[in-house]
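These protein sequence lines map, in sequence, to chains A and B.
With the UniProt record's numbering applied, the first sequence closes on residue 393, and no number is skipped along the way.
With the UniProt record's numbering applied, the second sequence closes on residue 255, and no number is skipped along the way.
Wrong hints could be hidden among the right ones.
Looking from chain A toward chain B, a few residues come up when the C-beta cut is under 10 Å (computed) [what the hints assert, rightly or not]:
hint	residue
1	M22
2	M128
3	D170
4	I282
5	G284
6	D293
7	D294
Per the computed footprint, the stretches of chain A lying under chain B, defined by three or more beta-carbons under 8 Å from a beta-carbon of chain B, are [what the hints assert, rightly or not]:
hint	stretch
8	13-21
9	171-180
No lab work stands behind these hints, which were simulated from the structure alone.
The C-beta atom is built at its ideal place from N, Cα and C for all residues, glycine as well.
This is what each chain is made of:
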Amino acid sequence: MSYQANEKGYYGDFGGAFIPEMLYPNVEELRSQYLDIMKEESFQKEFKDLLHDYVGRPTPLYYAERFSKKYGTKIYLKREDLCHTGAHKVNNTVGQILMAKRLGKDRIIAETGAGQHGVATATVCALMGIECIVYMGEIDIERQAPNVARMKMLGAKVVPAKSGSRTLKDATNEAIRDWINNPLDTHYIIGSVVGPHPYPDMVARFQAVISEEIKVQLKEKENRENPDYVVACVGGGSNAAGIYYHYLDNPEVGIIAVEAAGKGIQSGESAATSALGKEGIIHGSKTLLMQTDDGQITEPYSISAGLDYPGVGPMHANLFRSGRGEFISITDKAAMNAGQELAKLEGIIPAIETSHALAIFENRKFKEDDVVVINLSGRGDKDLSTYIDYFDL
Amino acid sequence: MNRINKKLQEEQKMLSIYFTAGYPELEDTVSIIQDLEKNGVDFIEIGLPFSDPLADGPTIQESSTKALKSGMTTNRLFEQLKGIMDSVEIPLVIMGYFNPILQYGVEKFCKKCAETGIDGLIIPDLPVDVYNEEYKSIFEENGLQNIFLITPQTSEERIRFIDSVSNGFIYMVSTASVTGSTSGFSEETRDYFKRISAMKLQNPQIVGFGISDEETFNQATEYAKGAIIGSAFIKHLNANGKNNIGDFVKNIRPV
Chain A
1 MSYQANEKGY YGDFGGAFIP EMLYPNVEEL RSQYLDIMKE ESFQKEFKDL
51 LHDYVGRPTP LYYAERFSKK YGTKIYLKRE DLCHTGAHKV NNTVGQILMA
101 KRLGKDRIIA ETGAGQHGVA TATVCALMGI ECIVYMGEID IERQAPNVAR
151 MKMLGAKVVP AKSGSRTLKD ATNEAIRDWI NNPLDTHYII GSVVGPHPYP
201 DMVARFQAVI SEEIKVQLKE KENRENPDYV VACVGGGSNA AGIYYHYLDN
251 PEVGIIAVEA AGKGIQSGES AATSALGKEG IIHGSKTLLM QTDDGQITEP
301 YSISAGLDYP GVGPMHANLF RSGRGEFISI TDKAAMNAGQ ELAKLEGIIP
351 AIETSHALAI FENRKFKEDD VVVINLSGRG DKDLSTYIDY FDL
Chain B
1 MNRINKKLQE EQKMLSIYFT AGYPELEDTV SIIQDLEKNG VDFIEIGLPF
51 SDPLADGPTI QESSTKALKS GMTTNRLFEQ LKGIMDSVEI PLVIMGYFNP
101 ILQYGVEKFC KKCAETGIDG LIIPDLPVDV YNEEYKSIFE ENGLQNIFLI
151 TPQTSEERIR FIDSVSNGFI YMVSTASVTG STSGFSEETR DYFKRISAMK
201 LQNPQIVGFG ISDEETFNQA TEYAKGAIIG SAFIKHLNAN GKNNIGDFVK
251 NIRPV
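The task is simple: from the sequences and hints, build the whole structure.
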């Protein structure tokens, strides 16, 4: 059994394309072509060149010696925080902008929560000279002002999502509506491994460069391609999909997914979808999502805007249900402390999303000779004001 | 024979009205249905509110949000509709997104619809292939018609396929848009109406999206069997509550 998507876009019970007919032509156009386009030699060359010269790949695989010593195991950090724009998100937007060009689209839309994906999308649109519209919840616009300014400086139009709870899920709804209204000239760059097939698979393939590089880098450092564990935080789950990708079907490599418990799983303010979610449909995909008994989608909570999504990508829902993945949830408090700790031990200030993955070592013990690779998915610059408030810096 | 098929055999162009269950007030559902029938509407779409209605514009989304806040649930809707068969004769269709139906249980939902006297369902985010593989038999056992959408971008091949699996009418989305977003039909849209009409499909077509007054109703029904009005009626409810429904209907189709 494979943990990759099958040809209909299902990961076990999850995935598919539950979309209104108005979206069918757009999604079908992409679905019928994405694999062929990605296989083209010219596409691969352009993608790899941009990742190398523009994004700054390969990102280092760094042995975190002092952090490892503290927790009595061998911890490597995959430094996606060193990518241009400060997070792994740009791997996907580079891939999708090239896809959009090949599909002949000259208008790009995207959704964003904290603004990282919005910035990564605005960046590649500026690079290619393509019009860019980013939907962002009205509430997120207020609390993520620096990223809104970055998007504007990059030439993007930021449109507030004023419906529903005015956060990421509503921004996604608005982007989908825009796509319904503009079916011919527009490509929708989804920022995570969510949405209707082929998005989860396509985004995972663009992020797969992360584990592809780890295989080579770990061979140099440890003389082995496979770590004992790969660890990542999961909101929608794109950085996780990237670090798991080439290890999904290798049972020797343990997969650990870290979700945001918020103020605690039972607190009513949480984003731990595997613990709190049930099977259902969100944004065109069958997956696990947080909802009422009546099937209304509920608003999650996490101190980290990037993990604040009520669903999870279908790949991860399947990893959870099948038992292939080990799911751990981490509270705001534990995450913030882990972020502070990494800063002091290694001189790296991580994004708060990433801090969740770093926090597992307090309770999850590993063997001394285990090799554990954590995806350091983003840098903490965008979170400084949250760190300042939290630690009274 | 299903009441929808029977109704569609009648001579006149069909006027169908959509409204959100539990809106403007939680307990208005039944009286609005009765009032619409009394004023000559041919069939009714009852909207089951959803938190994230992807295919709808702001008017319908806001009415859904308000209905949910008032306490509307799937169970509540079925309670409200209990006995509706005794007072209402025109066909009733429930329009809802798939997730609430999935949580209720598709089979249980269909059974409950049959018991209540619902004739058909419109579930915009349940794709036709998934319906065919997993749910068709459940719908048929319960005498429910599933109504599919087509748009100006739907290919001829796919329209033929949708026609072959439909057994009531085809919901023809007028323009590439969410609900409530156009005013007046362009030349291009009318060409699309003509093109579909010329395909001589086995199922009649009912046009939805962008119909708000007598003019757009007449344009839409020039080539199609009928038209559905949603957002414009919700706006009427916003302004008037559940009063003056007769005036609204007369403005669309004068007697």
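Hints versus structure:
1. M22: holds, 5 Å
2. M128: Given a least distance of 25 Å, the restraint on A:M128 is violated.
3. D170: At 8 Å from the nearest chain B Cβ, A:D170 passes the 10 Å test, so the hint holds.
4. I282: Because about 7 Å separates A:I282 from the closest Cβ in chain B, which is inside the 10 Å limit, the hint holds.
5. G284: holds, 7 Å
6. D293: holds, 7 Å
7. D294: holds, 5 Å
8. 13-21: holds (count 6)
9. 171-180: Held - the stretch 171-180 of chain A has 4 residues with a Cβ nearer than 8 Å to chain B, which meets the minimum of three.
Violation of the numbered hints given earlier is confined to hint 2; every other hint is satisfied by the structure.
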